[in-house]
Amino acid sequence: MFKALADPTRRLLLDALFTKGGRSLGDLETVVTEHTQMTRFGVSKHLRLLEQAGLVLTRKQGREKLHYLNAVPIQVIHNRWIDKYTQTHVTALADLKRQLEEPT
4 MFKALADPTR RLLLDALFTK GGRSLGDLET VVTEHTQMTR FGVSKHLRLL
54 EQAGLVLTRK QGREKLHYLN AVPIQVIHNR WIDKYTQTHV TALADLKRQL
104 EEPT
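Take the sequence shown: its position 16, counting from 1, is numbered 19 in the numbering used here, and each next residue is one higher.
One thing to keep in mind: the hints can contain errors.
[Claimed, not checked] Simulated crosslink set (BS3-like; lysine-lysine; CA at most 27 Å straight-line):
#1 Lys-23 to Lys-48
#2 Lys-6 to Lys-68
#3 Lys-23 to Lys-63
#4 Lys-87 to Lys-6
#5 Lys-63 to Lys-48
#6 Lys-68 to Lys-23
#7 Lys-87 to Lys-100
#8 Lys-6 to Lys-23
#9 Lys-48 to Lys-6
#10 Lys-68 to Lys-48
[To be verified] Restraint-style ranges between C-beta atoms, simulated for each label pair:
#11 Gln-102 to Met-41: 51 to 61 Å
#12 Glu-104 to Val-79: 32 to 42 Å
#13 Arg-43 to Leu-8: 18 to 28 Å
#14 Lys-6 to Thr-36: 21 to 31 Å
#15 Lys-100 to Leu-60: 38 to 48 Å
#16 Ser-47 to Glu-104: 50 to 60 Å
#17 Lys-87 to Gln-64: 36 to 46 Å
#18 Lys-48 to Gln-102: 46 to 56 Å
#19 Gln-90 to Leu-69: 31 to 41 Å
#20 Val-93 to Lys-68: 39 to 49 Å
#21 Ala-9 to Arg-43: 18 to 28 Å
#22 Pro-11 to Pro-76: 11 to 21 Å
Note that these hints are calculated values from the structure, not bench results.
Don't be surprised by glycine CBs; every beta carbon is placed ideally from N, CA and C.
Based on the sequences and whatever the hints tell you, model everything.
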């Protein structure tokens with residue numbers, strides 16, 4: 004998953020899906036080509052990697068394949084790698100604030 008998140012184009016695709024889910028390949032191609040010179044094939048390749056990483060879910064609707072952000076794996080990473088290390092610092096700062104604001 005970290006490899007999938009490392010690429011700026013894939014992060015751009017995830018941001019686009021965060022803003023609005025249920026986007027087609029053509030819609031996502033339009034978003035990406037505003038920032039890069041990428042072909043439809045390139046966008047499709049990036050989407051496939053995001054699907055393999057579990058960050059994008061798809062659903063067929065008629066002839067179109069719609070793409071949706073799956074934020075659960077990102078939340079799991081946050082809980083495991085970020086929240087774990089910041090919780091003690093935040094708690095310590097909140098305790099310090101409470102102590103400083105107490106009347107003497």
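At the C-beta level, are Ala-9 and Arg-43 separated by a distance inside 18 to 28 Å?
22 Å, holds
Holds or violated: the 21 to 31 Å window for the beta-carbon distance between Lys-6 and Thr-36?
Because 23 Å falls inside the window, the suggested range holds.
For the pair Arg-43 and Leu-8, does the Cβ-Cβ distance stay inside 18 to 28 Å?
22 Å, holds
So if I understand the rule, the pair passes when the alpha-carbon distance is 27 Å or less; does Lys-48 with Lys-6 pass?
14 Å, holds
Straight-line Cα separation of Lys-68 and Lys-48 no greater than 27 Å?
14 Å, holds
When you check the alpha-carbon spacing of Lys-63 and Lys-48, does it fall within 27 Å?
Measuring from Cα to Cα gives roughly 18 Å; hence the hint holds.
Against the 27 Å threshold, does the CA-CA distance of Lys-68 and Lys-23 hold or violate the hint?
Measuring from Cα to Cα gives roughly 15 Å; hence the hint holds.
Taking 32 to 42 Å as the hint, is the beta-carbon distance of Glu-104 and Val-79 inside that range?
Holds, at about 36 Å.
Just to be sure I understand the hint, the distance between the Cβ atoms of Lys-100 and Leu-60 should be within 38 to 48 Å; is that true here?
Holds: the Cβ-Cβ distance is about 41 Å, inside 38 to 48 Å.
For the pair we were handed, Lys-23 and Lys-63, check the Cα-Cα distance against 27 Å.
OK: Lys-23 and Lys-63 at ~17 Å, within 27 Å.
Would you mind confirming whether the straight-line C-alpha gap from Lys-87 to Lys-6 stays at or under 27 Å?
At roughly 22 Å apart (the allowed maximum being 27 Å), Lys-6 and Lys-87 satisfy the hint.
Look at the Cβ atoms of Ser-47 and Glu-104 and judge whether their distance stays inside 50 to 60 Å.
56 Å, holds
In the structure shown, no violation is registered for any of the earlier numbered hints.
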